[in-house]
Amino acid sequence: AQSVAQPEDQVNVAEGNPLTVKCTYSVSGNPYLFWYVQYPNRGLQFLLKYITGDNLVKGSYGFEAEFNKSQTSFHLKKPSALVSDSALYFCAVRVNRDDKIIFGKGTRLHILP
Amino acid sequence: ETGVTQSPTHLIKTRGQQVTLRCSSQSGHNTVSWYQQALGQGPQFIFQYYREEENGRGNFPPRFSGLQFPNYSSELNVNALELDDSALYLCASSLVGVQDSPLHFGNGTRLTVT
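Chains as they are written, first to last, in the numbering used here: chain R, 24 to 136; chain A, 2 to 115.
Calculated directly from the structure, the hints in this document are not laboratory data. No residue lacks a Cβ here, since even glycine has one placed at the ideal position from N, Cα and C. Each hint should be verified, as a subset may be incorrect.
[Said to hold, decoys possible] Pair ranges (Cβ atoms, derived): (1) A:Ala39 - R:Gly85: 37 to 43 angstroms; (2) R:Asp77 - A:Gly17: 49 to 55 angstroms; (3) A:Thr113 - R:Thr75: 40 to 46 angstroms; (4) A:Thr113 - R:Asp77: 41 to 47 angstroms; (5) R:Lys81 - A:Phe61: 23 to 29 angstroms; (6) A:Arg64 - R:Gly85: 29 to 35 angstroms.
[Stated by the list, open to error] Subject to a maximum C-alpha distance of 20 angstroms in a straight line, what follows is the list of computed EDC-like cross-link-like pairs (lysine to aspartate or glutamate): (7) R:Lys128 - A:Asp86; (8) R:Lys72 - R:Glu89; (9) R:Lys45 - R:Asp77; (10) R:Lys128 - A:Asp85.
[Claimed, not checked] Some chain A residues flagged as far from chain R (calculated, every beta-carbon gap over 10 angstroms): (11) Val5; (12) Gly17; (13) Arg23; (14) Gly29; (15) Phe46; (16) Pro63; (17) Arg64; (18) Asn78; (19) Glu83; (20) Asp86; (21) Ala88; (22) Leu91; (23) Arg111.
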């Protein structure tokens, strides 16, 4: 069965510093990987995706993620954090084109002024 | 392009009652998925509808049921409500046949069961 793990419940980063939010996955085929962000009392917003090709994918709001097949990881990164990046971040995986998307439990990102 | 809209935004029900939540998909999308997000948790997949038929289901009992209409809008019905059904219910639409189609979410319906 496919699954996603986000090992950190919370990540604290000072404004202007680089940030990383970790994600690992377990699937039986080739994964389609996604990152979403959720602000309070809102639905999830799509940030970026990895389907195939370059291991480094760029997304919205300056975020990027690195796909590492050997480590089965898809960590979210940003070179310089903003206070407005504070939110709940979810990693997600889909195996087949029409399959359901499975989410991790989320990581709360706090950017400290 | 209109986004995904859900109604109502908040709802309070009593244990044992039934509830219907509604979702209007993003224009051009033909698939709708429903997720349950308990407090402090990630979204849990309930089911997915395509061409008005359920084509995938998560680990939820049969008292969770759904409908998709020809205009791609959708309903989630929950019978015999239990206290643990209290959660944020998220609807998401996407486009089947496009392998990298991400989900587009509504803002959810917050259901409280007392």
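Inset, instruction - Take the C-beta atom of A:Thr113 and the C-beta atom of R:Thr75, compute their distance, and say whether it sits inside 40 to 46 angstroms. - result: holds (43 angstroms)
Inset, instruction - Could you check that no beta carbon of chain R comes within 10 angstroms of the beta carbon of A:Asp86? - result: holds (19 angstroms)
Inset, instruction - Would you check whether the claim that A:Val5 is not at the interface survives, using Cβ distances to chain R and the 10 angstroms cut-off? - result: violated (7 angstroms)
Legend entry - C-beta pair R:Asp77, A:Gly17: status relative to the range 49 to 55 angstroms that was hinted: holds (53 angstroms)
Inset, instruction - Take the C-alpha atoms of R:Lys128 and A:Asp86, compute the straight-line distance between them, and say whether it is at most 20 angstroms. - result: The hint holds at about 18 angstroms.
Inset, instruction - Evaluate the condition: distance from the CB of A:Phe46 to the nearest CB of chain R exceeds 10 angstroms. - result: violated (5 angstroms)
Inset, instruction - Could you see if the CB distance from A:Arg64 to R:Gly85 stays within 29 to 35 angstroms? - result: Given a distance of about 44 angstroms, which is not inside 29 to 35 angstroms, the answer is violated.
Inset, instruction - With respect to the beta-carbon atoms only, verify the hint that R:Lys81 and A:Phe61 lie 23 to 29 angstroms apart. - result: violated (36 angstroms)
Legend entry - Nearest-CB test (10 angstroms) between chain R and A:Arg23: holds (15 angstroms)
Legend entry - Non-interface label on A:Arg64, tested against every C-beta of chain R at 10 angstroms: holds (20 angstroms)
Legend entry - Given as non-interface: A:Glu83, partner chain R, CB spacing beyond 10 angstroms: Its Cβ never comes within 10 angstroms of chain R, the nearest being 22 angstroms, so this holds.
Legend entry - Least C-beta distance between A:Leu91 and chain R, which was stated to exceed 10 angstroms: violated (6 angstroms)
Comparing the model with each numbered hint stated earlier shows that hints 1, 5, 6, 11, 15, 22, 23 do not hold.
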